[in-house]
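Asks: Guided by the hints, dock chain B onto chain A, whose structure is given.
Each chain, written out:
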Amino acid sequence: MSISKRVDEAKTQESSLFTDEVFLEDIRRQMIRFATLQLGDGHLAEDAVQEALIGALKNAASFGGRAALKTWIFAILKNKIADTLRQKQRMVNASSLLREGDEEEELSELFDRKGFWQPDERPVAWGNPEASLREGQFWQVFEACLEGLPPKQARVFMMREFIELDANEICATVELTTSNLHVLLHRARLRLRECIENKWYLEGEKNVELS
Amino acid sequence: MLNCHDATRLMSESQERSLSAMERISLKLHVMMCSGCHNFKEQMGAMRLMTRTYAKRKNDQADKE
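Just so you know, the protein sequences line up as chains A and B, in that order.
Going by the working numbering, 687 is the number at position 187 of the first sequence; the sequence numbering is gapless.
Going by the working numbering, 356 is the number at position 40 of the second sequence; the sequence numbering is gapless.
Extracted from the complex, chain A is given alone in its bound form (with noise of 0.2 angstroms):
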């Protein structure tokens, strides 16, 4: 088989990612839903997808199966997505989404000086999750506590757990070391569990208390 035969196969199976519509479908799904995420504004998702999906388009050839090419959709959308966060001016500056500085007083509000829960802060048993699964009120609570993740450990958690991309195509995306990003889904699972724990399980418990 020739050289440029081959390149040619090669070309033709990548382009027909983008003219497999399941695939793309599915993936520009979970472009908008990340974006939505991210930029707290449906139209602006949508205009950033598009943006991404075109810069994906035109170098579609070069990318040697569907894993790569997720990855670096995402990453090319990640950059719109930063793009439209600085015309927004939602962040003071790009730091503050490095440093959110808060993040230590958080977990000293979690643990005591020797790393132990403190006394209302231990996690309680939550029962039969499944059956909160069925609850339309469930997702309401589940919803408000994933928005209310600061933007970095959202951002990751949603890679992770949505896209299911695994820990080395995140760093790649986002830049991160593997241990900046243990931290920073460590801290996103503490925090998003506490949450639903709070507003939903604890909250529950009241509410049965008082019918």
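Don't read these hints as lab results, they were simulated from the structure.
Hints are all accurate, no fakes.
Residues of chain A clear of chain B, computed beta-carbon distances all greater than 12 angstroms:
| # | residue |
| --- | --- |
| 1 | D520 |
| 2 | G540 |
| 3 | D547 |
| 4 | Q550 |
| 5 | N559 |
| 6 | G565 |
| 7 | A568 |
| 8 | L569 |
| 9 | W572 |
| 10 | A575 |
| 11 | A582 |
| 12 | T584 |
| 13 | L585 |
| 14 | K652 |
| 15 | E675 |
Within a straight-line C-alpha distance of at most 27 angstroms, the following computed DSS-like cross-link-like pairs (lysine-lysine) qualify:
| # | chain 1 | residue 1 | chain 2 | residue 2 |
| --- | --- | --- | --- | --- |
| 16 | A | K578 | A | K558 |
| 17 | A | K578 | A | K652 |
| 18 | B | K372 | A | K652 |
| 19 | A | K699 | B | K374 |
| 20 | B | K357 | A | K699 |
| 21 | B | K372 | A | K578 |
| 22 | A | K578 | B | K374 |
C-beta: ideal position from N, C-alpha, C; glycine also.
Replies: The following block gives chain B in isolation, referenced to the frame of chain A:
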């Protein structure tokens, strides 16, 4: 001996990487004795289920629109 902060960190990290034998043993010992961290461990799995279900619901909603 692990404290709860380190135990929750290991439980979180175990979702991204495999823990070393030493880490697994010390975590196991801590979780056996600490009800808070025992609950936390169960909730890590529950939260992953919630997040995936949430994502699926969002997709289904988008399909209906």
